[in-house]
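Residue 177 in my numbering sits at position 177 of the sequence shown; the count goes up by one each step and never skips.
Note that these hints are calculated values from the structure, not bench results. Take these hints with a grain of salt, some might be off.
In silico PhoX-like pairs for lysine-lysine, Cα to Cα no more than 20 Å straight-line [as the list claims (entries may be wrong)]:
#1 K183 <-> K201
#2 K83 <-> K111
#3 K11 <-> K29
#4 K47 <-> K33
#5 K193 <-> K183
#6 K105 <-> K152
#7 K77 <-> K139
#8 K29 <-> K47
#9 K57 <-> K83
#10 K12 <-> K29
#11 K78 <-> K11
#12 K12 <-> K47
#13 K11 <-> K57
#14 K105 <-> K57
#15 K201 <-> K83
#16 K83 <-> K146
#17 K186 <-> K105
What follows is a set of in silico ranges between Cβ atoms, one per label pair, in the way DEER data are often shown [stated by the list, open to error]:
#18 S46 <-> K186: 27 to 33 Å
#19 D108 <-> A85: 25 to 31 Å
#20 G176 <-> A85: 22 to 28 Å
#21 T182 <-> D20: 43 to 49 Å
#22 G41 <-> E135: 17 to 23 Å
#23 E128 <-> R24: 20 to 26 Å
Being a predicted model, the structure only gives us computed values, none of them experimental. By construction, the Cβ of each residue, glycine as well, lies at the ideal position given by its N, Cα and C atoms.
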Amino acid sequence: MGSKERKEREKKIRQNDIVDAAERVFFAKGFEKATMDDVAGEAEFSKRTLYVYFTSKEQLYLTIMLRAFITLNNLIKKNMIEKTAQNGLDKLRIIMESWLELNQKFPDYFKAIHFYENREVDFQNPDEITRALYEEGEKSFQLTVKTIEEGKLDHSIREDIDVVSTVIILWEMIIGLNTIITKKEKYIRNYYKKTAPELVKETYQFIRRSLKKGTSGT
1 MGSKERKERE
11 KKIRQNDIVD
21 AAERVFFAKG
31 FEKATMDDVA
41 GEAEFSKRTL
51 YVYFTSKEQL
61 YLTIMLRAFI
71 TLNNLIKKNM
81 IEKTAQNGLD
91 KLRIIMESWL
101 ELNQKFPDYF
111 KAIHFYENRE
121 VDFQNPDEIT
131 RALYEEGEKS
141 FQLTVKTIEE
151 GKLDHSIRED
161 IDVVSTVIIL
171 WEMIIGLNTI
181 ITKKEKYIRN
191 YYKKTAPELV
201 KETYQFIRRS
211 LKKGTSGT
């Protein structure tokens with residue numbers, strides 16, 4: 001390994017160490033209360049070193065979100081391989097279950113995705129991390145678009161729906177369901193005798209009835 005490659009490797013290791021520390025701090029204290037001093041202390045670097053790799057606390061947060069979307073997309077990919085899907089409608093169920101799995105196994109990543117508020121600068125003058133984040137985030141969205149289009153072709157999904165609008169609505173439902181599960185799972189389980197997997201299954205059945213070929217949207 002040459003000196004240039006060694007330096008790049010060391011830089012990558014330091015970046016990952018800083019992001020690891022930022023995760024621990026942000027998830028423990030909350031993004032608003034956490035400071036770059038907190039992250040520097042957790043990472044055991046000077047704050048000056050942090051700013052060599054990241055321009056701001058917000059850029060660190062975007063890097064964590066990037067990790068979250070990569071984790072989600074890897075879960076979807078794994079589940080698509082391991083679970084049986086006969087058609088596009090079945091694949092839609094797998095995508096929903098993958099979101100639930102993200103929330104159950106990596107709840108802080110789910111929250112990072114859910115609670116981030118986009119800014120105009122994200123779209124007008126995105127930096128490298130922001131571009132990478134949106135590219136990764138679009139993967140799950142576009143996969144869902146492709147899945148619905150596939151369902152139209154294999155006749156498991158109605159042909160009269162607008163695909164992009166449907167995906168946005170499904171995204172809202174999935175985020176909302178997972179948020180309720182996060183905040184009210186014990187209450188729902190004790191008072192209504194419903195578990196998280198049951199709610200996901202029933203939500204999918206609701207969506208299935210809405211999208212299934214041969215049903216009416218009116």
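Here is what the structure says about each hint:
no.: 1; hint: K183 <-> K201; in the structure: 19 Å, holds
no.: 2; hint: K83 <-> K111; in the structure: 26 Å, violated
no.: 3; hint: K11 <-> K29; in the structure: 27 Å, violated
no.: 4; hint: K47 <-> K33; in the structure: 17 Å, holds
no.: 5; hint: K193 <-> K183; in the structure: 16 Å, holds
no.: 6; hint: K105 <-> K152; in the structure: 32 Å, violated
no.: 7; hint: K77 <-> K139; in the structure: 11 Å, holds
no.: 8; hint: K29 <-> K47; in the structure: 18 Å, holds
no.: 9; hint: K57 <-> K83; in the structure: 39 Å, violated
no.: 10; hint: K12 <-> K29; in the structure: 25 Å, violated
no.: 11; hint: K78 <-> K11; in the structure: 30 Å, violated
no.: 12; hint: K12 <-> K47; in the structure: 17 Å, holds
no.: 13; hint: K11 <-> K57; in the structure: 19 Å, holds
no.: 14; hint: K105 <-> K57; in the structure: 25 Å, violated
no.: 15; hint: K201 <-> K83; in the structure: 15 Å, holds
no.: 16; hint: K83 <-> K146; in the structure: 18 Å, holds
no.: 17; hint: K186 <-> K105; in the structure: 17 Å, holds
no.: 18; hint: S46 <-> K186: 27 to 33 Å; in the structure: 43 Å, violated
no.: 19; hint: D108 <-> A85: 25 to 31 Å; in the structure: 29 Å, holds
no.: 20; hint: G176 <-> A85: 22 to 28 Å; in the structure: 24 Å, holds
no.: 21; hint: T182 <-> D20: 43 to 49 Å; in the structure: 23 Å, violated
no.: 22; hint: G41 <-> E135: 17 to 23 Å; in the structure: 32 Å, violated
no.: 23; hint: E128 <-> R24: 20 to 26 Å; in the structure: 24 Å, holds
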